[in-house]
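Listed in order, the protein sequences are those of chains H and P. Last residue of the first sequence? That's 247 in numbering that gives the first Met the number 0, and every number before it is there in order. Last residue of the second sequence? That's 247 in numbering that gives the first Met the number 0, and every number before it is there in order.
Since the hints were made in silico from the structure, they are not lab data. There may be inaccurate statements among the hints.
Heads up, the list lumps identical chains together, so a pair's fine if it works in one copy or across two of them.
[Unchecked claim] Listed below are the simulated BS3-like cross-link pairs for lysine-lysine, each with C-alpha atoms no more than 30 Å apart in a straight line:
no., residue 1, residue 2
1, Lys-97, Lys-7
2, Lys-229, Lys-211
3, Lys-230, Lys-157
4, Lys-165, Lys-118
5, Lys-185, Lys-53
6, Lys-165, Lys-1
7, Lys-7, Lys-53
8, Lys-80, Lys-190
9, Lys-159, Lys-180
10, Lys-125, Lys-208
11, Lys-7, Lys-190
12, Lys-73, Lys-229
13, Lys-80, Lys-7
14, Lys-230, Lys-7
15, Lys-125, Lys-243
16, Lys-229, Lys-157
17, Lys-84, Lys-1
18, Lys-208, Lys-33
19, Lys-190, Lys-125
20, Lys-53, Lys-180
21, Lys-208, Lys-73
22, Lys-223, Lys-159
Number of protein chains: 2
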Amino acid sequence: MKNVYDNKTFFELYKNHRSESVNRNNLIENPIMKSLLPNLTDKCVLDLGCGDGKFDRFLIENGARCVVGVDISKNMIADAKKNNKERCFDYYVLDMEKLDTFEGEYDVIVSSLAFHYVKDFDKLLKDIYNLLTEDGILIFSQESPFKTAIIFDGKEQKNKIEIDGKIYYLLSDYQTEGERKVIWNKTEVTKYHRTYASLVNSLINNNFKIVKVLDSYASEEAIKENENYKKENDRPIFTFFIAKKNSL
Amino acid sequence: MKNVYDNKTFFELYKNHRSESVNRNNLIENPIMKSLLPNLTDKCVLDLGCGDGKFDRFLIENGARCVVGVDISKNMIADAKKNNKERCFDYYVLDMEKLDTFEGEYDVIVSSLAFHYVKDFDKLLKDIYNLLTEDGILIFSQESPFKTAIIFDGKEQKNKIEIDGKIYYLLSDYQTEGERKVIWNKTEVTKYHRTYASLVNSLINNNFKIVKVLDSYASEEAIKENENYKKENDRPIFTFFIAKKNSL
Chain H
0 MKNVYDNKTF FELYKNHRSE SVNRNNLIEN PIMKSLLPNL TDKCVLDLGC
50 GDGKFDRFLI ENGARCVVGV DISKNMIADA KKNNKERCFD YYVLDMEKLD
100 TFEGEYDVIV SSLAFHYVKD FDKLLKDIYN LLTEDGILIF SQESPFKTAI
150 IFDGKEQKNK IEIDGKIYYL LSDYQTEGER KVIWNKTEVT KYHRTYASLV
200 NSLINNNFKI VKVLDSYASE EAIKENENYK KENDRPIFTF FIAKKNSL
Chain P
0 MKNVYDNKTF FELYKNHRSE SVNRNNLIEN PIMKSLLPNL TDKCVLDLGC
50 GDGKFDRFLI ENGARCVVGV DISKNMIADA KKNNKERCFD YYVLDMEKLD
100 TFEGEYDVIV SSLAFHYVKD FDKLLKDIYN LLTEDGILIF SQESPFKTAI
150 IFDGKEQKNK IEIDGKIYYL LSDYQTEGER KVIWNKTEVT KYHRTYASLV
200 NSLINNNFKI VKVLDSYASE EAIKENENYK KENDRPIFTF FIAKKNSL
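Chain H extracted, bound-state conformation:
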């Protein structure tokens, strides 16, 4: 997995973007992710791609006994350690693609908007399986397959078009899974496109029982903050999965 978050320009632009209160992470992804959490009382949670650890504080405030966060970025882990100093938090710099080198047993594994950076989803799921307790739960969000589909080939990243007063999203290359290079925060970022079918099949084949799939939607509150988010409901930008470890 490429680590753009320790690239200085990218990290500064990213932090600026995230510090604005009106963004899709705060207004769309985060509320849904929170709503999907199970009862966390006394649970030990692993957060994959924990970033600055803000979500981890929420997990502790909602009953979790401990939260371990991992992130590929030293910058992010430094921020997380600064934000969450209590003994119930623990942080490690780690590339999610090397999760097989990590040890522990967790009741719940969460991940926000990070899995689309991972090349080998099946390996990731195998590693997650091994880190979960019996009946452990995996909850993750990622960019939706609609969002990751188009191969831009270095061209302008146009993804909407207006025809006769109606806005349509553009879709192509859906069945061509794999690497997608996009420009984000003036930096080339590598993501991986996987179809809905592929996400579902990988979970099943790696012994997870899917509990629920959810597409992101903009709530009334989100639309009040930014009217453009209304269009998000015409084509979801994020997808969420809840899956349970199938005890063998």
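Fit chain P to the supplied structure of chain H, relying on the hints for placement.
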């Protein structure tokens, strides 16, 4: 469920269309559907929306002990009875939305490109559950959520656009589930749009275990017959599910 297949104009145009050997049913849907079938030896199969029964003959030729076909259209059932006269076949005119009035026990239930006509998918799944043996299998194809998403409001059904030499499919209204009226064979046809997430969740909530999800793709053979089908791989037109009844 509205029955357009007993509308004379529609039925004639539909039969003309299906009698051409180069169409998406023959070259894309049918080969995939066949490849997804389990071992049928001695199995009793129910075919929902059986049409003219051609697929049912394939089922018998591949080991099924008996095939019962139901279809809302009298025209279709008349054709099926003509095509399949042997005692291993049995046909009934029946609206799939009234499947709770139907009796029997089937090892396998199949359905080709019919479920997108059904308004209440959860009721349909409940009825299917009751008609399956323990560990019975449901295999169905339907128009993909990409295909059914756009609300056309009586406007021209444009679904592709060329930008800088690349063809994109148009997508909108994805999260607005429900009725879609489209013009097909000079007739207004009512379909129902459901998202991938919704299809998966309905199966889970109605006690099915998803075995596999598959998007349609055009094989090399299909592309040899019609080069335009290459574009099908940029946005699947059909979606397939294999699901197993969860014994309680």
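Hint check:
1. In this homomeric assembly, Lys-97 and Lys-7 come within 30 Å of each other (Cα to Cα) only inside a single copy, at 24 Å, whereas the closest approach across copies is 63 Å.
2. In this assembly of identical chains, Lys-229 and Lys-211 lie within 30 Å of each other by CA distance solely inside one copy; the values are 24 Å within and 33 Å between copies.
3. Taking the shortest alpha-carbon separations for Lys-230 and Lys-157, both the intra-copy value of 15 Å and the inter-copy value of 19 Å come in at or below 30 Å.
4. In this homomeric assembly, Lys-165 and Lys-118 come within 30 Å of each other (Cα to Cα) only across copies, at 26 Å, whereas the closest approach inside a single copy is 36 Å.
5. Taking the shortest alpha-carbon separations for Lys-185 and Lys-53, only the intra-copy value of 25 Å comes in at or below 30 Å, while the best inter-copy value is 57 Å.
6. Within a single copy, Lys-165 and Lys-1 get their C-alpha atoms only as close as 38 Å, which misses the 30 Å cut-off; across copies the closest is 29 Å, which meets it.
7. Within a single copy, Lys-7 and Lys-53 get their C-alpha atoms as close as 21 Å, which meets the 30 Å cut-off; across copies the closest is 63 Å, which misses it.
8. Taking the shortest alpha-carbon separations for Lys-80 and Lys-190, only the intra-copy value of 27 Å comes in at or below 30 Å, while the best inter-copy value is 53 Å.
9. Taking the closest pair of Cα atoms, Lys-159 and Lys-180 come within 30 Å of each other both inside a single copy (18 Å) and across two copies (24 Å).
10. In this assembly of identical chains, Lys-125 and Lys-208 lie within 30 Å of each other by CA distance both inside one copy and across copies; the values are 14 Å within and 20 Å between.
11. In this assembly of identical chains, the alpha carbons of Lys-7 and Lys-190 lie at most 30 Å apart only when taken from the same copy (20 Å versus 51 Å across copies).
12. For the homomeric pair Lys-73 and Lys-229, neither the shortest alpha-carbon distance inside one copy (36 Å) nor that between copies (44 Å) is at most 30 Å.
13. For the identical chains of this complex, Lys-80 and Lys-7 are intra-copy neighbours only, at 19 Å inside a copy versus 72 Å across copies, given an alpha-carbon limit of 30 Å.
14. For a Cα distance limit of 30 Å, the shortest separation of Lys-230 from Lys-7 qualifies neither inside one copy, at 32 Å, nor across copies, at 41 Å.
15. In this assembly of identical chains, Lys-125 and Lys-243 lie within 30 Å of each other by CA distance both inside one copy and across copies; the values are 13 Å within and 23 Å between.
16. Taking CA atoms no more than 30 Å apart as the test, Lys-229 paired with Lys-157 passes in both settings, with 18 Å inside one copy and 23 Å between copies.
17. In this assembly of identical chains, Lys-84 and Lys-1 lie within 30 Å of each other by CA distance solely inside one copy; the values are 28 Å within and 63 Å between copies.
18. Proximity of Lys-208 to Lys-33 under the C-alpha cut-off of 30 Å is found in both arrangements, the shortest distances being 21 Å within a copy and 26 Å between copies.
19. In this assembly of identical chains, the alpha carbons of Lys-190 and Lys-125 lie at most 30 Å apart only when taken from the same copy (20 Å versus 39 Å across copies).
20. Taking the closest pair of Cα atoms, Lys-53 and Lys-180 come within 30 Å of each other only inside a single copy of the chain (28 Å); across copies the shortest separation is 46 Å, beyond that limit.
21. For the identical chains of this complex, Lys-208 and Lys-73 are neighbours neither inside a copy (34 Å) nor across copies (41 Å), given an alpha-carbon limit of 30 Å.
22. Proximity of Lys-223 and Lys-159 under a CA criterion of 30 Å is satisfied intra-copy only: 22 Å inside one chain copy versus 32 Å between copies.
Of the numbered hints stated above, those contradicted by the structure are hints 12, 14 and 21, listed in ascending order.
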